[in-house]
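Undergrad: Take any residue in the sequence shown, count from 1 to its spot, add 174: that is its number in our numbering.
It is worth saying that the hints were derived from the structure and are not from the lab. Where is the CB? At the ideal position from N, CA and C, for every residue including glycine. Be careful, since some hints might not be right.
Unchecked claim - Taking lysine-lysine and the BS3-like style, the derived pairs with C-alpha atoms no more than 27 Å apart in a straight line are:
#1 Lys347 x Lys179
#2 Lys289 x Lys342
#3 Lys282 x Lys292
#4 Lys349 x Lys289
#5 Lys342 x Lys255
#6 Lys272 x Lys255
#7 Lys271 x Lys292
#8 Lys179 x Lys285
#9 Lys271 x Lys255
#10 Lys271 x Lys282
#11 Lys271 x Lys347
#12 Lys292 x Lys188
#13 Lys289 x Lys347
#14 Lys282 x Lys272
#15 Lys255 x Lys188
#16 Lys271 x Lys289
#17 Lys347 x Lys255
#18 Lys342 x Lys179
#19 Lys349 x Lys292
#20 Lys292 x Lys255
#21 Lys292 x Lys178
#22 Lys289 x Lys255
#23 Lys282 x Lys255
#24 Lys289 x Lys272
#25 Lys292 x Lys342
#26 Lys342 x Lys285
#27 Lys292 x Lys347
#28 Lys289 x Lys178
#29 Lys292 x Lys272
#30 Lys285 x Lys272
#31 Lys285 x Lys255
#32 Lys349 x Lys178
To be verified - Quick list of simulated restraints, FRET-style, between CB atoms:
#33 Asp334 x Asp360: 37 to 45 Å
#34 Lys178 x Arg337: 41 to 49 Å
#35 Arg193 x Lys347: 25 to 33 Å
#36 Ala276 x Arg306: 16 to 24 Å
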Amino acid sequence: MAEKKLGVELVEEKYWEARPEFMRRNPAGQVPILQIDGLTLCDSVAICEYIEEAHPTPALMPQSVADRAEVRRLVMWFNDKFYSEVTLNLLGERVNKKIMGAGYPDSKNVKVGAKQIKYHLDYMGWLLDQRRWLAGDSMTMADFAAAAQLSSLDYIRDVDWNRNAQVKDWYAKIKSRPAFRSILADQVAGFPQPPHYADLDF
């Protein structure tokens, strides 16, 4: 929403506690939830598409049908495949379990995540070898979907930025966006930021 210059009030929700009011708003028990224009919207994809259609400038979806399909494919890639193979195994084990009081990290899952992130970084490098941005010549929702995953993993030092120079350059462009600065200022209690996290020249 910051990229669209839309104001928003962030409210922390411990979704795992399944508060009745939270579950009433989203029976799926998932975040994010957005209350806007008298509506309660659930699911990050639905929220992003609503904002894009209601506030089309600056555009984060391309004009052609084929290009829009590619953006949606990559958004789902990062929201589903990357999340389940990488983020859930690394951030989920190392951070979420501690915050949720769900026990200790499972080393097997951490090893799986550490292996899978290499594959995903290589795939991103392959995409960026052909394109200026992940889905084409302009920045789109796909770039923010990917950056959302990588920024959380970078916070816990799980991204090898030396693996692919093009991916590192792409992320540097994302980090330099004014709308991304608030994310780089985030702090997680008990998990201090690494020195390079908010550094544009990392």
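Undergrad: Which hint numbers does the structure go against, in order from smallest to largest?
TA: Numbers 8, 11, 12, 21, 28, 33, 34, 35 and 36 - these are the hints that the structure violates, sorted from lowest upward.
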